[in-house]
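Top line first, the protein sequences correspond to chains A and B. Per this note's numbering, the first sequence runs over residues 1 to 483. Per this note's numbering, the second sequence runs over residues 1 to 483.
Hints are not guaranteed to be accurate.
No distinction is drawn between identical chains; accordingly, a pair holds when it is met within one copy or between any pair of copies.
Claimed, not checked - Derived DSSO-like pairs (lysine-lysine); straight-line CA-CA distance at most 27 Å:
1. LYS125 with LYS93
2. LYS449 with LYS109
3. LYS437 with LYS273
4. LYS234 with LYS446
5. LYS48 with LYS265
6. LYS276 with LYS319
7. LYS265 with LYS319
8. LYS319 with LYS259
9. LYS254 with LYS234
10. LYS203 with LYS276
11. LYS207 with LYS109
12. LYS273 with LYS207
By construction, these hints were calculated from the structure, which means they are not laboratory data.
2 protein chains.
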Amino acid sequence: MTTSIERVQYSDRVPIRSIILRPDGGSGLAGQQARVGGWVKTGRKADKDAFAFLELNDGSCASNLQIIVEADRGDLGQLVLTGTCLQVDGVLKLPPDGKKQKVELQVQKVIHVGVVDASKYPLPKTRLPLELLRDYVHLRARTNAMGAVARIRDELSYATKRFFHESGFRYVNTPNITTSDCEGAGEMFQVTTLISEAEKLEKNLIKNPPPSEVDVESAKLIIKQRGNDVAQLKSAKASKQEIGAAVAELQKSKENVLKMEERSKLQPGIPQKDGKIDYSQDFFARQAFLTVSGQLQLESYACALSTVYTFGPTFRAEKSHTSRHLAEFWMVEPEMAFAELEHDMDCAEDYVKFMCQWLLDHCMEDMEFFADKIDKSCIDRITMSAKTPFARITYTEAVELLTEAVKNGKKFENHVEWGIDLASEHERYLTEVKFQKPVIVYNYPKEIKAFYMRLNDDSKTVAAMDVLVPKVGIILGTLNLYN
Amino acid sequence: MTTSIERVQYSDRVPIRSIILRPDGGSGLAGQQARVGGWVKTGRKADKDAFAFLELNDGSCASNLQIIVEADRGDLGQLVLTGTCLQVDGVLKLPPDGKKQKVELQVQKVIHVGVVDASKYPLPKTRLPLELLRDYVHLRARTNAMGAVARIRDELSYATKRFFHESGFRYVNTPNITTSDCEGAGEMFQVTTLISEAEKLEKNLIKNPPPSEVDVESAKLIIKQRGNDVAQLKSAKASKQEIGAAVAELQKSKENVLKMEERSKLQPGIPQKDGKIDYSQDFFARQAFLTVSGQLQLESYACALSTVYTFGPTFRAEKSHTSRHLAEFWMVEPEMAFAELEHDMDCAEDYVKFMCQWLLDHCMEDMEFFADKIDKSCIDRITMSAKTPFARITYTEAVELLTEAVKNGKKFENHVEWGIDLASEHERYLTEVKFQKPVIVYNYPKEIKAFYMRLNDDSKTVAAMDVLVPKVGIILGTLNLYN
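Looking at chain A on its own, in the form it has when it is part of the complex:
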């Protein structure tokens, strides 16, 4: 009895993942037929060009499937080129030498070849710097690193939906175009049709210039003339038909003047009123921006559905070119009614743990790639975050710990005293040195947090919290509390 292979839904092919990512490396599938599709990562001819070995990847996982094509099945010279698109039918078989664990595919029929011009294909077999890949945005998802990023983003996005859905949160589509600023969270992008409308108008005015005053005056004379025509016909007791026709002509000439007057008022450029831009002529009849946060809308939904969240794009027009500043990014924003700061911290900790556990359960192959190539300790840190209870300390305790560290000789660039905004170096000391695990800091001085945070009974601190994580810093800030 053979194990059956999981088919791709809505295709006749088998995802390479379901062959390769098995505990037995697919060896239990030997002897089975499979159709696969993908792109050649590397290829080489062998045995005096009698056949070729191809490493095929279909993006379903990081691993490639080894494909063996004999010379009578296709143009081997073409097939071995990196980037070639290939769909084939074949039989899975164990490698002959028995050294490799993974199963291979012996091609019976080449169904489709998407050829590649090797002189133009920009992705080599070897690794390119990520920065250079920016020049090949349309192809970079085929690289190991970007493929892994794409799969992990997909899994974490799905896990986020799972977590909040299963925790009873309702997802709210907060708007992306907004007329309100949110707590001045950042510089906003303006959304407008004024410029494109002005450009259209400008082209139109060049092609078809507005009537001059003289044009309008002569058109007005025509009205007068036609009016006279009607009067004459009436006094001459002309037929109803004749008078009707003349009245219609008169009407037409009046409409014509109205249109001309309208057009003669047209001004090139962005419409102005009282020396300012006239936003009443913009698409939404007012100034509009891209959202910096869905918080305002979520607050009103939290006061109706109790427990809500949003997960969507957010926009900041900050001219900061650091790895922490993006013009466009996705943000999770939960809002809970009838909850205390403790519930908030529980939710934050559970969410971070859920994400970490999801990575370990569903993305191990890609995480291993990152551990190998980018960040040696990433799997260890994720595992630790998934399993270890987070430390929870008040801001006051955090400042005490930092002050103690300074007394014991630790040097910080930023002075430590109650009331400061914790600097990145302080956060790193707490998570990386003192606790060596994620730390939730809560009850911050009211002066350094937003005005809408709930004031604690001490009248000095507010019910806010931040989750700090080793090597990253703050990954999650306060959810808001309503009653």
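Could you slot chain B onto chain A? The hints should help.
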């Protein structure tokens, strides 16, 4: 033995749904303690103000929980007001008369009251027109209709993620800000910081006018003077210190002139170059827009990960005020490599069926509200779409059926012949009269579909398909095919 009640996660309260939406209406929970929170829908005092009945809703479901508060537990006059926010501890009990099936909550302790000013609270107990609710966007999620819409949107959004995840699609975050138009799918919103930067500059120039030519000239004279100072000190063999100080002064005056010259060039208004707007000074150093489709980005990911989709906001600046035109809406876009049109139709049909079945399984209470108040046949149509195989006909067959209908006396406003774009009345005839179920029309004339659709072997039609649904029309168009 009592049944336990599902608690809200990250709160001490119980969602009203878990009390009321049970087959026994919660009667099996009688005798149990529960903390609930929510907003009063209606309230009335009874038995000479000895107690009050409140209908409490927390948005977890459409149904309210009846709350009984005795006069010694709170200010009944306040509590009965529609919109009052309330968190209470109590005991669930069966209604005394045994007529109602649903359980009630006898309040033991009022934990929190968010008072309402009845003279200002805009939502009455009775139903308001949806159009009027637009004026109370911040409160309308508390109404039955908008609450139901919010819960259904949440469920369908989650079901979409589930469907594509479980079908092996990878979710791709396609960008919302883009510099490319997508097949001219619609009018685009421009994203810019040029206007706000120009406004900032204008304010700055008023507050702090740029230097005049005379200012710059006199600043240049100072350079000359300071240069002379240095020369004099040098020839007088002054101390190194003295010369150094003079050189520093000279340097400062040079920098000052540079800054002044820079400022004197500042022009109010949007920056221009060669008579056009100078987009090199915009945030992205080029003209940028909000996306009308993630298709271009998805295509490149489909050619790396094989099977991908996006689900995010899309923007169209069309000045059409119909129920079919939105400036901002969410769209699902799947792209599949190595798939044929048949797979595409299978996927589309399965997706629509999955959504419909999800509604029936998870949203019945809210669907019943819509069937009762808005659209009598909505549940029947959803059920039919979930259970019945869709009809599948080619465009050519569709035109034949329409032509036959015309022969049999059916009148259409739009002429029917091969090559036309099917009008809404044609689609409705096919789904509502001819088949009385969803219909997939495929293989359209190449002239009426986008250039990138795959040309069929007949060289006349392309591998495109649309899903038509009774009462709605097209709800889903072609996914693209790549090889």
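Hints and how they fare:
{"no.": "1", "hint": "LYS125 with LYS93", "verdict": "within (26 Å within a copy, 71 Å between copies)"}
{"no.": "2", "hint": "LYS449 with LYS109", "verdict": "neither (65 Å within a copy, 33 Å between copies)"}
{"no.": "3", "hint": "LYS437 with LYS273", "verdict": "neither (58 Å within a copy, 54 Å between copies)"}
{"no.": "4", "hint": "LYS234 with LYS446", "verdict": "neither (84 Å within a copy, 59 Å between copies)"}
{"no.": "5", "hint": "LYS48 with LYS265", "verdict": "neither (80 Å within a copy, 71 Å between copies)"}
{"no.": "6", "hint": "LYS276 with LYS319", "verdict": "both (26 Å within a copy, 24 Å between copies)"}
{"no.": "7", "hint": "LYS265 with LYS319", "verdict": "between (39 Å within a copy, 22 Å between copies)"}
{"no.": "8", "hint": "LYS319 with LYS259", "verdict": "between (46 Å within a copy, 21 Å between copies)"}
{"no.": "9", "hint": "LYS254 with LYS234", "verdict": "within (19 Å within a copy, 85 Å between copies)"}
{"no.": "10", "hint": "LYS203 with LYS276", "verdict": "both (23 Å within a copy, 12 Å between copies)"}
{"no.": "11", "hint": "LYS207 with LYS109", "verdict": "neither (60 Å within a copy, 76 Å between copies)"}
{"no.": "12", "hint": "LYS273 with LYS207", "verdict": "both (26 Å within a copy, 22 Å between copies)"}
Figure legend: structure checked against the earlier numbered hints; hints not met, in rising order: 2, 3, 4, 5 and 11.
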